[in-house]
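*Asks:* Given chain A, work out where chains B and C should sit, using these hints.
Residue numbers (this note's numbering), protein chains in the order written: chain A, 1 to 381; chain B, 1 to 259; chain C, 1 to 315.
No wet-lab data here; the hints were simulated from the structure.
Small disclaimer: the values here were computed from a predicted structure and weren't measured.
Chain C is nowhere near these chain B residues, computed Cβ spacing over 10 Å in every case:
#  : residue
1  : VAL7
2  : ASP70
3  : ALA75
4  : SER120
5  : LEU143
6  : ASN193
7  : ASP198
8  : PRO229
9  : GLU251
10 : ASP252
Under the rule of at most 30 Å between Cα atoms (straight-line distance), these lysine-lysine pairs were calculated in the DSBU-like manner:
#  : chain 1 : residue 1 : chain 2 : residue 2
11 : C       : LYS108    : A       : LYS373
12 : B       : LYS76     : A       : LYS17
13 : B       : LYS119    : C       : LYS222
14 : C       : LYS222    : B       : LYS115
15 : A       : LYS188    : C       : LYS222
16 : A       : LYS276    : C       : LYS19
17 : B       : LYS115    : B       : LYS140
18 : B       : LYS71     : B       : LYS115
For the chain B half of the interface with chain A, some residues (derived, Cβ under 10 Å), not all of them:
#  : residue
19 : PRO80
20 : SER114
21 : ARG116
22 : SER118
23 : ALA121
Using N, Cα and C, we set each Cβ at its ideal position, and we do this for glycine too.
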Amino acid sequence: MSLDTAPTPPQERKQRKLSEIEGVELEVVRASSNRLSLLALGGAAVLLVLLVVLGLNPALALVAAFVVYLGVVFVAYRNTAGPRVARDHVFRGLVGAAFVLAVVPLLSLLWTVVSQGGPTLVDPAFLNQTMNGVTGLQDQATQRDGAPLIGGAYHAVIGTLVITGIAALISVPIGVFTAIFLVEYQPKGRVSQVIRFLVDVMTGIPSIVAGLFAFALWAVLFGIGTKNGFAGAVALSVLMISTVVRNSEEMLRIVPNELREASLALGVPKWRTIAKVVLPTAASGLASGVTLAIARVIGETAPLLVAVGYARGLNVDPSQGPMNTLAVYAYYMFTKPLSPGFREPSLDRAWAAALMLVLIVVVLNLSARVIAKAFAPKTGR
Amino acid sequence: MSKRIDVKNLDIYYGAFHAVKNVSMTIEPRSVTAFIGPSGCGKSTVLRTLNRMHEVIPGAYTTGEVLMDDKNLYAKDTDPVDVRRQVGMVFQRPNPFPTMSIRENVLAGVTLNSKRLSKSAADELAEQSLRGANLWTEVKDRLDRPGSGLSGGQQQRLCIARAIAVQPEVILMDEPCSALDPISTLAIEDLINELKSDYTVVIVTHNMQQAARVSDRTGFFNLEATGMPGELVEMDDTQKIFSNPSKPATEDYISGRFG
Amino acid sequence: MSATTAPETPPQQHGKPTKRPGDVLFRGLSTASAFSILLILAGVAIFLVSEALPVFGADPAEVTGGEGFVSYVWPLIFGTLVASLIAMVVATPVAVGIALFVSHYAPKRLGTAIGFVIDLLAAVPSVVFGMWGFQVFAPRLVPFFTWLSDNLGFLPFFETASRTGRTILTASLVLAVMILPIITAVSREVFLQTPRLHEEAALALGATQWEMIRTAVLPFGKPGVIGGTMLGLGRALGETMAVAIILSPGVFTWNLIDSGNITVPAEIALNFPEAAGLRLSELIAAGLVLFGITLGVNLLARWVVNRRAEFSGAN
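So that you can see chain A by itself, here it is in the shape it has in the complex:
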C-alpha cells in the first residue's frame, strides 16, 4: 500500500455561500407527517368501492383509484413538504403497487388451483385409479347424471415418483462429485473454470431441449421413436445436475478450512477427510440443495412429453414404453378432454393433478428449509 501523496498546503479558503452563488436554487424539505398519505389512501379506497359499485371493471377501477391516489399524494406533499418529499411518496406508492401487482396473480393462481382441484384430489377414485379403459362415456355419465368420477392419476403419481427418482439417482452423485472436484481437488485453475462455465451453460438449457436431447439419444441408441421412462429420467437429469452442482458447491465452500486442516494434520488421508469430515459437515446443506433440485424438475412437462410420451394405464417399468407423470397428465386432461362435449370431469382431474404438484413443490421447498435450518452444523462464522 502506498502512502498518501503529500497533502495540499493550506490555501486561502474563500468560501462563497450557496445563496451567493448564481445558478443554485435550493429545494428545502419541510416537515410532513404520514397522515396525508394515509388520508389519500383512505380516499382512494372509497373511490375504488364507489367505482366498482357504479359498475366499472374492478381491475380498471383499481388502476384508476391508484392513479388518483398518486396524484393526490403528489400534490398534497408538494404543497406542504416540497417536491422532493412528494417524489419520495410517489415512489413509495409505486414500489408498493409493484408488490401488490405481483401478489394478485399469485393469490389468484393459488385460489384457482385449490378451489378447482381440491374436491377431486380428495376423491378416492383420483388417487387409486388409472385412466385405463376410461372413455368419454364415463365422463358424460359423471357430468350429466352425477355418477361418481371414474379414472384417476394413480399411474401418473407412480410415474412421477419413478422417473424423478431415477433422475435423482443419476444426477445427485454426478452433481455432488463434480462439486467435490471443484471445491476439494481443483479449487482454481483453468479446468475448474471451464467446468463452472459449462455448468452455467447447462443451467440455461431450455427444458424442451433437454427432452429433445433424450429423444435424439434414444433414437440413435434404440431406434427412432423409442420413448420410455429412462429417457425422461435422462432429460430431467440434464436439467437437474447443474442445480445440484451449484447448490453443493456453495455448501462445501462454507465448510471451514480449519476442519480440513485439522483432519489432514492428524494424518487422515484426503479422501477420508472429505468423506468423514467435509461431507458430514455439509450434509444438511447438500440434502436441502438436492431437495430444491428435485422440486425444480418434478413439475417439468415439456421434456417428458417429448421423451416419455403418454400412457393411459399403469407402467412401472421405465425401460418399457411410455409412462405417465402428473404434469403431463394435467396437460393432457386439460387440453384434450376425454369427451369434448363433457369436459368437466377431465378438467377436474387436470386441476387435481396441478394441485398435487403444487403441494409437492411447496412441501419440498419447506422441507429443504427445515433440513437446512434444523441440521445445520454450528460453524459459528
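*Replies:* Showing chains B and C alone in chain A's frame:
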C-alpha cells in the same frame, strides 16, 4: 454557517435497550469538540443523534431535546432530511459513491438538495469544496475519474469535501481516521483544524492523542457495565480534561491509556 | 491444503508419494463426474445436430410450409422473441419494485416472508401457470383487448381483438409473471448487498429515502439487475407449456391481441407427439436454434454480471 448545539436530557433507546442515559451538553460554534471513551459507551450513538442518523436503525428513538441555535431538531415540524442537510457527517471508513466520478461525488449533496444547478455554479462549488478539503491540487486534473481510485486518505478528504459542499452548520465525524495510515491521519487532522474557522465540528475518536491534538473541548463517555446505558461523565476544555479532570473515572481512563 | 502451495503444483508433489486406493478412487470419481458435464453438453449438441441434419438436406418443398427450413423457422423465432421481450419489459420494473420493497421498504421479517413466497412462485410448475392463464387470466383480458382494438385499432398491433383472450400478449403476460421471481430474487440479493456505508453517506447528505435508493442502491445494483433480467429472458425464451396451453397458434402476424403466432418451444410441444420422419427433424432443428439463442442470452447475462467496470462495486 456554524451554529451552537445544546443537548438537554437526551436519552437514546434501541427498542427496549436503553443505550445512552441523560446526556446534557453544549457544543460551541466554530470549535472542535471531541467525544472519547471506551467501546460501547454510546459516543457514536450520541453523535448520530445530532443529525438523526440513528433513526436509520429500526426501533431507535430518543427523549429529550437537541437544540441547534434554539431550534429543536426533534420538533414535530422538523424533517430528518432537512436536519441532515444542515448537519453533515463523515464516516469511519471513506465512502465515496463508487459509481460516481470525483466531481459527481463532491456535488452529490448539492445535486440532491437543489432544484437547479448551473454548470458554472457546479464548477465553482466543486472547486471551493475541494479546496476547502485540501484536495483540489491533487485531483483537479482527474475530476472525471472514479472517486474509488484515490488513496484512502484522499477518499476521506473527498468525503469531507462532499459534506462541506452543501455548507452545513455542523460537521460530525465518526472516527474519521480509524481506517487511515498515519500520514493521511495527519492531513485530516490539519484539515479539521482549518475547518473550525467556518464550522462547528464534532469528532468521535478512539485515539486520545488525536482528541488532545485537534479538539478545543472534550466529552468523556463511559458505562458502568456492559448492558448498562452509556453516559456522559464529564465535559470540559480539552486542556483541563487531559491535565486535571474532575472525575476519577476520567482520570483512570486518561492515565490508563494516555501517553 | 496449505495456503503457500502454488496453484499449479499438485499437492502430491511435495506430499507423500504413496497413493492410497481410496484417494485414487475418490479423485477419479470426482474428476469423472466433472468431465461428464462436458460429455453431456457435447452429447446434447451432437445428438440434436445428428437428428436435425435430415431437414437441411431435404427438398425445400417437403418442409412444412413448402419453402425450406429457414422460412419455416423464422416466424417461430420471431414469435419467441416478441413474447419473451414483452415479458421481460413488463416483468423488470415490477421485479425491481418488489425487490426494493423487500430490501428497503418492508420490515425485515415481512421481507423475508415475502422473499420465501416469491421463491415458491418460481417453483410452481409451468403447466399450472398455463392452465391458470387459459382458464382465469385470458377471459379477464378480453374486455381490455376489445378496448384496445376499439381505441387503438389503427396500430397494427391491436387491429382485431380475440374473443377468448388466447393471444400472444396473454402468453407474454403470463411469462412475465413466471420470470418475475428470478429477476426479483437476483435484484433483491444485490440490493441487500448495497454497502451500508453508501446508503448512510446518501442519507447524511440529506437524501430522502427514494433519493438514497437512486444515489446508492440502484447504481450499485445495476449490473445485478441487468443480469437477472437476462436470466429471466433466457427462461422466457425456453418456456414451453404456458405458451403451448394459452396461445391459440397461427401464422405470423403483427397483431398481438388476436390468435396467431407461435413460439419455438410451444411449436415443438404441440407437434412432437404426432410427428414422424422429416417433421421430427424439423422440430429438433428448431430446438437446436432455440438452444443457440438461449445460450447466447445466458452467456451475455453472465458477461454482464461478471463485468467489473471501474465505476462499480464496493471498495
